[in-house]
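Chemist: Protein sequence lines correspond, in order, to chains B and A.
In terms of our numbering, the first sequence opens at residue -8 and continues consecutively.
In terms of our numbering, the second sequence opens at residue 8 and continues consecutively.
Derived from the structure by calculation, the hints contain no laboratory data.
A portion of the hints provided could be inaccurate.
Now the in silico label distances, taken between C-beta atoms and shown as ranges [stated by the list, open to error]:
#, chain 1, residue 1, chain 2, residue 2, range
1, A, H83, B, W28, 28 to 38 Å
2, B, Y21, A, R265, 35 to 45 Å
3, B, E87, A, R208, 44 to 54 Å
4, B, K257, A, A57, 26 to 36 Å
Keep in mind it's a predicted model, so treat the numbers as computed, not measured.
Cβ coordinates follow ideal geometry from the N, Cα and C atoms, glycine included.
Listed below, chain by chain, are the residues.
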Amino acid sequence: MSAARPSAARRLLRAYPTLLRIGFAEAVAYRAEFLVWMLATTMPLVMLAIMTAMAREAPVGRYDARGFVAYYLVTLIVRQMTGAWVAWEMNREIKEGTLALRLLRPIHPLASYSADALAAMPMRALIALPIAIVVLAVTASKDLTHDPVNVVIFIVSLFGAWLLNFSVSALIGTLGLYLESSLQIWEVWFGCFMLLSGYLFPLSLFPAWLEKAARALPFAYLQAFPVETLTGVRDRHHAIQGLCMQLGWAGVGWLALLFLWYRGLKRFAAYGG
Amino acid sequence: MSAQIEVDKLVKEYRVHERGAGVWASVRSLFHRRYRTMRAVDELSFTIAAGERVGFLGPNGAGKTTTLKVLSGLLHPTSGTVRVDGFDPRRREFDFLRRITLVMGQKQQLLWDLPPVDTFAMNRAIYDLPKREFDETVAELVALLELGELVKRPTRQLSLGERMKCELVAALLHRPRVLFLDEPTIGLDVSMQATLRRFVRDYNERFGATVLLTSHYMDDVAALCPRVVVIDHGRLTYDGALGELVRKVRPQKRVLVRLADGKQETHDVPAAELQSTIARLLQRGVADLTVEDPPLEDVMRDLFAGDGGRSGDKGNAA
């Protein structure tokens, strides 16, 4: 190799903007399907309607009606900006053998999957940004943190939640190299996510033992942690602690992903054609 | 000439899950799975020098595609060694992947809803190609394949042949030194097949690239490959010149005659009897007479049906 050859990381950095541009163009090409799919991820709005109705007479736990509005709208923003569904794509490509086409290119397939996932963000922001404006208008920012450090932690936690979400989704997709289909595992994960991440109910409404268990598991760092940081439930100390936990889980997720990926590739049969 | 592709005692086995038909078999397979080890490639050895065009032939399931996938780093060999341009394909190093391409007639890398130019741009980024070199290559390949403005139309709106041409552009943008072509002309009409063959030949001659081609269209092989490697059940059965293979498997020449009365006849005759046969036919009053090798399809049918290839006709087989 010549000395002038740029490192793999530099090549990736140079290629990434083009991958994002192409990924965005693809997301736009499927705009109708994409919009319908995004609207299907609006479960927090359903929960918002139910919980605000319940809190009309008296607060539920620490949340009054306005508190629930802030909680569920921020939950929706976090979900839109951090969700990753790469397991589906990976499963299909492994089954059909088209993963071969990614493996033939001199870029890590996980990097190209991540670009596909991130490229959809601007489209998701189209939904998330108006909601963010509504949150600010409805709550008059009273239910949001006023600590600038916590705001910064919230922004970093969005990236952390995406890293963790992507690593888990890609890990489950990678299990397709070991199993005939790993999508049932994804369904189990998603069920646990709905219950234990704070996506359906704030964790503080759970019995103490369940809340404690949920906060020890990775699910809480996908939703509850960023949401609680922005809505002022967590003070600065707890927010920093949460960020460390979140990044720790993301690290575990990526290590497990890379381990399974490299072992699994040896089993790849590249069926079809 | 030193070998650019070296395959030494390559073995590739798959573990396949087996179950019978019907509901009961499905239920039973839930609790007790039966697996069978299938050997797709069996102690295969051959070498190919830089710049050669080699046809890789064999019946369905012979192990051709599996071998190509091992050579391009997609599959890990069960045992044996493989080197391509000095690299171990399993490691899938950047410099290795920049030197090879694998074109699969049944799989495409083009982005379905975007125009091929977007796939080209993506490959430029991934292969880290300088803009000027990229622009020149695209212009050259697009002109050679007479694609014109087609590359700006969404891929889904292109015909199969147009897509395949664009696929070749995408696969060759980084000017690979080794081309693995797996059924590149499958499903294409005759004139499109001829265009692609001409193009592959031009590319090989211009850049000195090595070509290893599998195809069920014997015209592809006859037009492109002076040398063929034949495998059956994963084992090498012939390695040598195509003409030699034809002579060994079907030593007869085919004589096509149109007699003066308009009647047409075909005679397969041993080379030694060719002259006497022609003389005899000429006495009957011939309007037209052609002598040719038997069709390659027939040669291959004979080779795979009987023991034509396995009974020691191994050419340069190692």
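Chemist: Each hint needs a verdict: does it hold in this structure or not?
Modeler: To see whether the hints hold, each was checked on the structure:
1. For the hinted restraint 28 to 38 Å between H83(A) and W28(B), the CB-CB distance of approximately 36 Å keeps it satisfied.
2. Against the hinted window of 35 to 45 Å, the Cβ-Cβ separation of Y21(B) and R265(A) comes to about 59 Å, which falls outside the hint.
3. E87(B) and R208(A) have their C-beta atoms about 32 Å apart, which leaves the hinted 44 to 54 Å range violated.
4. The hint said 26 to 36 Å for the Cβ distance between K257(B) and A57(A), and at roughly 29 Å that hint holds.
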